[in-house]
Amino acid sequence: MIEVVNNGFTKINELNTDDIDQCLDLLAKSFPGNSYYDSHNKMNFFFKNEPELKCLVLKENDKCIGIQCIVDRIFRFFEINCSASGLSYTAIKPNYQNSDAANLIKKHMFKYIEENSDLSFGFARKVLDNYWYPYGYRGITNFCEISLLIKSIFLSNTDVVSRIMRTNDIALVNKYYNDIHSEMLGPLLRKKELWEYYLEKFKKGDIKIFVMDLNKEPIGYYIINGGVVYEIGYDLKYSKQVFVHIMHKLKNLGYDEIIFKIGKNHPMIDLITRYEHSIRTRFVWRGGHILRVTSIDKYFNKIINVLEDRAKNTNLSDFEFSCNSFHFSYIDKKLSITSNNQNTPNIIFDEHEWTKLIFGACKPKLLNGYDGDNNGKILSILFPICNPQFLEIDQL
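According to my numbering, the stretch in the sequence shown is residues 1 to 396, in order.
Some clues are possibly wrong.
With a Cα cut of at most 27 Å, we get these calculated DSSO-like pairs of lysine-lysine [as the list claims (entries may be wrong)]:
no., residue 1, residue 2
1, Lys240, Lys204
2, Lys204, Lys29
3, Lys42, Lys126
4, Lys48, Lys237
Hints are computed from structural coordinates only; laboratory data are not their basis.
Using the sequences and the accompanying hints, generate a full structural model.
Okay, structure coming up:
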């Protein structure tokens, strides 16, 4: 008989030292690195240091046969904080992969999500494309990469210097992070504990977090891995100096090309795209960076002010229409979304596609099963293209 052992779920049992050792062994064998030793060390660091980690473990005859790791996060929908469950490592022993073990893990995982989270998200490996799709998860990011050839850019001199980020920089770096990413969809809320975790995690790796100073005063930060820029946060009045400094930094490190993975809506994109560049995007609806809203109607209640402001800011006239199981009404600049119990929908599409629409991953007409009338234009205003982008270091 399979026993469910919970840490943060139904509280059947807390994980003891032997449980953790078995979990680490299973994870190290399921996610091999350069060696078992390296993988085990990585998982051990994850277990000991990852903030807000929850573990669901399946045991049979007191032996660990499966595990699901969940990391609680705060997802920001344009400055509205949403509770989120990040689906991290999942592993099942090979001889149990055709049993009910996976279904039992998912049953308890969804129970936790439904009781604790507005949404859940994950970063599925290519081998898991289609795996989470039947459960309502949809890929929402476009994997945007913008490439620049440094030799094609005239670089002026700059007095900006950079240094490795330290713990006492966290408060200031977090301010730059919040200021720059407040109008982007995908960046997560980062508390002090999470920044500390990242600093410790990246100490011996290839990812580097730099703080930029100008005249001995901090003006921002950036995160790089080789010739790839993962993230930039800074005081907007120093945009030009920050851009030039990063170009110089990577040129001096020997790179001819720079790849930016900062998202299409990042404030620096306007500056970057003044130069010769290439943009590569990739849409993976059935895998990749996946997300699922726990309850669509509850989520509408949470974000209704954002949708109402979009209607106001575009001077929409009063309207009323039904979309799937919801009725949209906008009268005297007040938006309401209620259950559609009587009207024939003006617009229909696959119910699970709400995720792609809400987070602006594509236009309404591109949703699976879409069929609708002219009210689709209003839907496009309420749910515009947002180019959501999970930032690299937040990927679980």
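> Can you give the numbers of the hints that this structure goes against, from lowest to highest?
Replying inline: Numbers 1 and 4 - these are the hints that the structure violates, sorted from lowest upward.
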